[in-house]
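Assemble the complex: chain A is given as a structure, and chain B must be docked to it using the hints.
Protein chains: 2
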Amino acid sequence: MSTFKNVELTKKANVYFDGNVTSRSFLDENGESKSLGIMMPGSYTFGTNQAELMEILDGEVEVKLKDSDTWNTYTADTSFDVPANSSFDIKVKTITDYCCSYLK
Amino acid sequence: MSTFKNVELTKKANVYFDGNVTSRSFLDENGESKSLGIMMPGSYTFGTNQAELMEILDGEVEVKLKDSDTWNTYTADTSFDVPANSSFDIKVKTITDYCCSYLK
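Going down the list, the protein sequences come from chains A and B.
Under our numbering, the first residue of the first sequence is numbered 1, with each subsequent residue one higher.
Under our numbering, the first residue of the second sequence is numbered 1, with each subsequent residue one higher.
This is chain A alone, in the form it adopts within the complex (with noise of 0.2 Å):
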């Protein structure tokens, strides 16, 4: 799917890691919420409140969830979830773009 439609697409960007990592938040036509990132090669660390599904769109990246010793790597087209009020660390190899699902 290239498009989603029927979204509500907020206006003001999310700018993290002084502008290395930035996303655009939105509610997809079930409500559901996401949001469209871009990640500049660096390693970050991000804490979660919800459950994510993170889905790579283009890029390459090493992630290694928080109280694991494992770095796994995702290329576009791949994903990987994160729990609830966890972490992980991410090794952003080359310039990565993203979606992120918020899961209830």
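Any given hint could turn out to be false.
Stated by the list, open to error - DMTMM-like cross-link-like pairs, simulated, lysine to aspartate or glutamate; straight-line CA separation at most 25 Å:
1. B:K34 - A:D69
2. B:K93 - A:D18
3. B:K34 - B:D77
4. B:K104 - A:E8
5. A:K12 - B:D69
6. B:K12 - A:D58
Quick caveat, the hints were computed from the structure, so don't treat them as lab data.
Every value quoted in this text rests on a predicted model; they were computed, and no experiment measured them.
Only chain B this time, still in chain A's reference frame:
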């Protein structure tokens, strides 16, 4: 207006200048083509096909339109027009969040 309702949002990002400028394209509820983007500090030149309205949501830029000798400063809640089939030079002073409307 803090959100756009009933939008068709393109999933993949537009990435320019090695990721220093990125944006998301969408069609608003009237079918008008727009994009929400982020510019990192730096100097860039953009060409236009259609005429464009550039709204600065946050940040600070200086802009010089093609065939002009004047640099004008724009900050949050100000905007500038760019003719069709033209170009503009822009000096991004701070991380800048913008909305571009493509005019018919």
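Here's how the hints hold up against the structure:
1. B:K34 - A:D69: Cα-Cα ~43 Å, so violated.
2. B:K93 - A:D18: 14 Å, holds
3. B:K34 - B:D77: 17 Å, holds
4. B:K104 - A:E8: Measuring from Cα to Cα gives roughly 24 Å; hence the hint holds.
5. A:K12 - B:D69: Distance of about 31 Å is beyond 25 Å: violated.
6. B:K12 - A:D58: 8 Å, holds
Hint violations for this structure: numbers 1 and 5, all remaining hints satisfied.
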